[in-house]
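Got chain A; can you put chain B on it based on the hints?
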Amino acid sequence: MYPTEIDYHRASSIAEAIELLSQNDDAKLLAGGHSLIPAMKLRLAQPGLLIDISHLEELKSIFVSGDKISIGALATHAQIAASADVQSYAPALASAAGIVGDQQVRNWGTIGGNLAHADPASDPPTVVLAYDGVIHIQGQSGSRSVNAQDFFVDLFATALEPGEIITRIELSNSSSAKSAYVKLSHPASRYAVVGVCAVLEMNGSTCTSARVAVGGATMKAVRSPGAESVLTGSSLDDSALNAAAAAVKSDIEEFLIGDMSYPEDYRQAMAGVYLKRAVHAALGS
Amino acid sequence: MAKDPSFAVGQSIRRIDALGKVTGEAPYPGDINMDGQLWMKIRFSDRPHARVLAIDTQAAEAISGVRGIFTAKDVPVNEYGLVTKDQPVLCGPGSTIPGADVVRCYADMVAVVVADTEAIAAKAVKLIAVTYDDLPPVFDPEEAMQDGAPQIQINLPKNILCHYRIRMGDMAAGWAQSEVIVEGEYDTGYQEHAYLQPEAGLGYIDEQGRVTVIVAGQWVHEDQEQIYHALNLPPEEVRVIYPAIGGAFGGREDMSIQIVLALAAWKLRQPIKTIWSREESIQYHHKRHPIKIYARWGATRDGKIVAIESTVIGDAGPYNYTSTKVLANANLMVSGPYEVPNIHIDTYAVLTNNIPTGAFRGFGAPQGLFAAEGQMNKLAEALNIDPLELRMRNTIREGSILSVSTPLPAGVSMPEVFEACGRESYWHQTEDGRWQRNSLKQPNNPALRRGVGIAGGFKNIGFSFGFPEQNWATIELHGKMEIEQVIVRQAGAEVGQGAHTVFVQMAAEAIGVPVEKVRLIGHDTAETHTSGSASASRLTFMAGNAIRGAAAQALENWKNEERPAKATYQYRPPKTTMYDPETGKAEPNFAYGYVAQAVEVEVDTETGHIRVLRVVSTNDVGRAVNPELVQGQIEGAVVQAQGYALMENLVSVNGKIRNPFLSTYLIPTILDIPPEVKSVILEYPDPIGPWGARGMAEMPFLPLAPAIAAAVHDATGVWIDAIPLTPDRVVAALRAKGIGVF
Chain A
2 MYPTEIDYHR ASSIAEAIEL LSQNDDAKLL AGGHSLIPAM KLRLAQPGLL
52 IDISHLEELK SIFVSGDKIS IGALATHAQI AASADVQSYA PALASAAGIV
102 GDQQVRNWGT IGGNLAHADP ASDPPTVVLA YDGVIHIQGQ SGSRSVNAQD
152 FFVDLFATAL EPGEIITRIE LSNSSSAKSA YVKLSHPASR YAVVGVCAVL
202 EMNGSTCTSA RVAVGGATMK AVRSPGAESV LTGSSLDDSA LNAAAAAVKS
252 DIEEFLIGDM SYPEDYRQAM AGVYLKRAVH AALGS
Chain B
14 MAKDPSFAVG QSIRRIDALG KVTGEAPYPG DINMDGQLWM KIRFSDRPHA
64 RVLAIDTQAA EAISGVRGIF TAKDVPVNEY GLVTKDQPVL CGPGSTIPGA
114 DVVRCYADMV AVVVADTEAI AAKAVKLIAV TYDDLPPVFD PEEAMQDGAP
164 QIQINLPKNI LCHYRIRMGD MAAGWAQSEV IVEGEYDTGY QEHAYLQPEA
214 GLGYIDEQGR VTVIVAGQWV HEDQEQIYHA LNLPPEEVRV IYPAIGGAFG
264 GREDMSIQIV LALAAWKLRQ PIKTIWSREE SIQYHHKRHP IKIYARWGAT
314 RDGKIVAIES TVIGDAGPYN YTSTKVLANA NLMVSGPYEV PNIHIDTYAV
364 LTNNIPTGAF RGFGAPQGLF AAEGQMNKLA EALNIDPLEL RMRNTIREGS
414 ILSVSTPLPA GVSMPEVFEA CGRESYWHQT EDGRWQRNSL KQPNNPALRR
464 GVGIAGGFKN IGFSFGFPEQ NWATIELHGK MEIEQVIVRQ AGAEVGQGAH
514 TVFVQMAAEA IGVPVEKVRL IGHDTAETHT SGSASASRLT FMAGNAIRGA
564 AAQALENWKN EERPAKATYQ YRPPKTTMYD PETGKAEPNF AYGYVAQAVE
614 VEVDTETGHI RVLRVVSTND VGRAVNPELV QGQIEGAVVQ AQGYALMENL
664 VSVNGKIRNP FLSTYLIPTI LDIPPEVKSV ILEYPDPIGP WGARGMAEMP
714 FLPLAPAIAA AVHDATGVWI DAIPLTPDRV VAALRAKGIG VF
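Protein sequences appear in the order of chains A and B. Here the numbering used here is used: the first residue of the first sequence is 2, the next is one more, and so on. Here the numbering used here is used: the first residue of the second sequence is 14, the next is one more, and so on.
No farther apart than 25 Å at their CA atoms in a straight line, the calculated lysine to any residue pairs in the SDA-like style are these:
no.: 1; chain 1: B; residue 1: K454; chain 2: B; residue 2: D617
no.: 2; chain 1: B; residue 1: K669; chain 2: A; residue 2: A189
no.: 3; chain 1: B; residue 1: K317; chain 2: B; residue 2: M405
no.: 4; chain 1: B; residue 1: K136; chain 2: A; residue 2: T5
no.: 5; chain 1: B; residue 1: K139; chain 2: A; residue 2: T5
no.: 6; chain 1: B; residue 1: K669; chain 2: A; residue 2: H187
Derived by calculation from the structure, the hints in this document are not laboratory data.
Pulled out of the complex, with its shape left as it was, chain A reads as follows (with noise of 0.2 Å):
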């Protein structure tokens, strides 16, 4: 499928991105195009405008401040897989990022471009969630941040309007956390099909504080606050990771989405499946 005609623009700044965007209700923005050239190709997306803002480079820095760590909306997956700085704040993330799509994709989407498309069966919309990041936005009247709770509304809905861009992530030191993401990927798009990603702070072999993300089975990424609250005081042990499987499945039984490959109540059961192994693996177990 080829997608329909479109203008290009190459915007010069972040102020040219956003002024072409608010001026034009049917333009979209262009970072990586490894979720928007496919959907145009589908044609579920037809932009009569394109603005292309791959290049701006104030757009592409990863850097720690006192304990937060910024990531740029242009920083591509790859990008972010190799920082040893996202490695040591987020490791989940970091991890996540190196699994992607391919390396074609990694090389080339973004991680902005991958939150706003807000495609349920991505993976670093699950992980920025469970980290409790926070989207920076700037728009024609400002900047403003977004907490990723309250980021994604639906599915590919996010809390973004018109005329808004994403400039950066920014997600707290969790260095001291055990965090994993795990997915049981599609087998021909490497999609997750279901994803967990599980941070959990730990006092010995308890676990004092636990965030717990789904997305894939899920129309958008969501966290489990009865998992959580399973795991939270637990000791992980099989008891408290059984208890918690089962609350998942049952957190996530009003966003379920499936296909013929994988329907809803299978997505639901590898839910609880995936979160054991979340925590596994954060745990190294």
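Coordinates of chain B only, in the frame set by chain A:
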């Protein structure tokens, strides 16, 4: 003349088409273009079952660049079909054939549009307005067999296309002797051929005025016959040429684009091209039959099977294609490679409004054996006898009487094949000669369980059940004092399996020259006599015998100083017969190939994923004309059968295929194939095979699905009697038994 054995039968010479294929030089149908060619697009049915009341082509004709639109009224004899001419070429009013105005599935064609470009043709084809009067559809074969079900073909009440019976021995006595009885209900799914090259072709009028079609198929002379019948032309005015063919597996046995391309070229007298998309290919060519099998087997305590009762119901779609032959084969295979005194089988091919089903590697045997070998493995468990040992106690042997009350043709190697399979895989013989499984090491992770399964099978070589079987070859010997060049004319289709290379090797061996001196003139109806199809694992056997016969006569003529010395030979194997309608007595086949496979799997009991770790495929090929090509066929068949057993889940809802893409219809890739496929090639000669060769290309497909199901049971203790064993199906089955649940 001294023979150089390093250049002929038994040698793994490089394929004669290898260089062209790896460099991209070899032309496939989609690569071939002609000056001034037009493009064709097909309008398929929009309904599963409806009468076409009217076809309005005005809006389509009004588009600039449209050169012709053809419908039912334009087809001189509007019918075709490989076994039965029961399908309209184009469905719609204005045809002389009764019932040709009815569409019976989404794969039926209603109109073709020819235009200057593919884009114009694609646009115009959508603008054809078809008025349908919906007829009640039926999609479930067991419903279609009931009184009062919608009738799909005029002459077939209750939609039963064929009903075969096997009545052997005394069932009452058999059940009376049975100390253990196992029952099962087996379901096998559709399978898509998924060949690399989707349907494509070029139709034109050649320099001698013949309606010519360049296309990929499996039998040039059959395509030619289907075309001249529909166009009502003399045979010599129609020509079919195959260039390189990008896979077939049975999926090109029936017509796709052949007749409509010829029709359009004949009407417009211009070259016309068409290429199907992958989506069109998956939606519109036939599939492997889904078959439901009910089975009840009885055995004595010491492991002798004494009674088999089965009902076999295959979904044929609305037309025969080769369903009457596929189900005939399933009928024969559903009692497995065993000698059993009392057998009672009813087999039906039933019409539905689903996609047509037809030939696919194995041709009914994989389905029949899935049930038979499933029953055998369940019996082994119930009797507490090793599954290989149980097979050895019941296997067919030289002189065994089949379910059709006649002995097998000579050269039965099933016991040797089973034994070799056991020895080369996971079994040993105890001191008293019984077969016993070796113990298996389990992974530390309790969620991962490993298991081993075994299954065997056999399959006919060549056409069966009285279908006329023949193969022609012509050989010319050029030179003066010595033979400088051998020209072989042989139409057998090189579908990717290596047939052309094997023809050249056999000709070189028969004449006694190096293969470099042999030139093959292949599939072109203007240049060759018929070879029959590239199917039923028959080409090495059939063409080999024809080549050998032609070579002997040509050498005789050479001795008599004929220059060039030329001979044409028709090989005809021993006759076969159809089932007796009441008892099933028959001599169904003239030769068989034998196979057994052992497989080790690892089941993730939490996710339902099955990894095939190792396959040992033991195949009696009679004589490996080219051992590397034999190995290639074994490995290819194993991977294709693994897809059939585990992954390939074609979803049809109310007759419409819902996943016609390789992103949603999953087939194995490099990441899925087993780390090890051990090909054990046995050479017990077939008494009438050329140099002892048997056919072999289907056999390694046959036992893998039941071997995997047995391995999954060995790993988990759960029988799953439906394939494909998709993760969700496996998880549901395991959880029903309390496995993998937490």
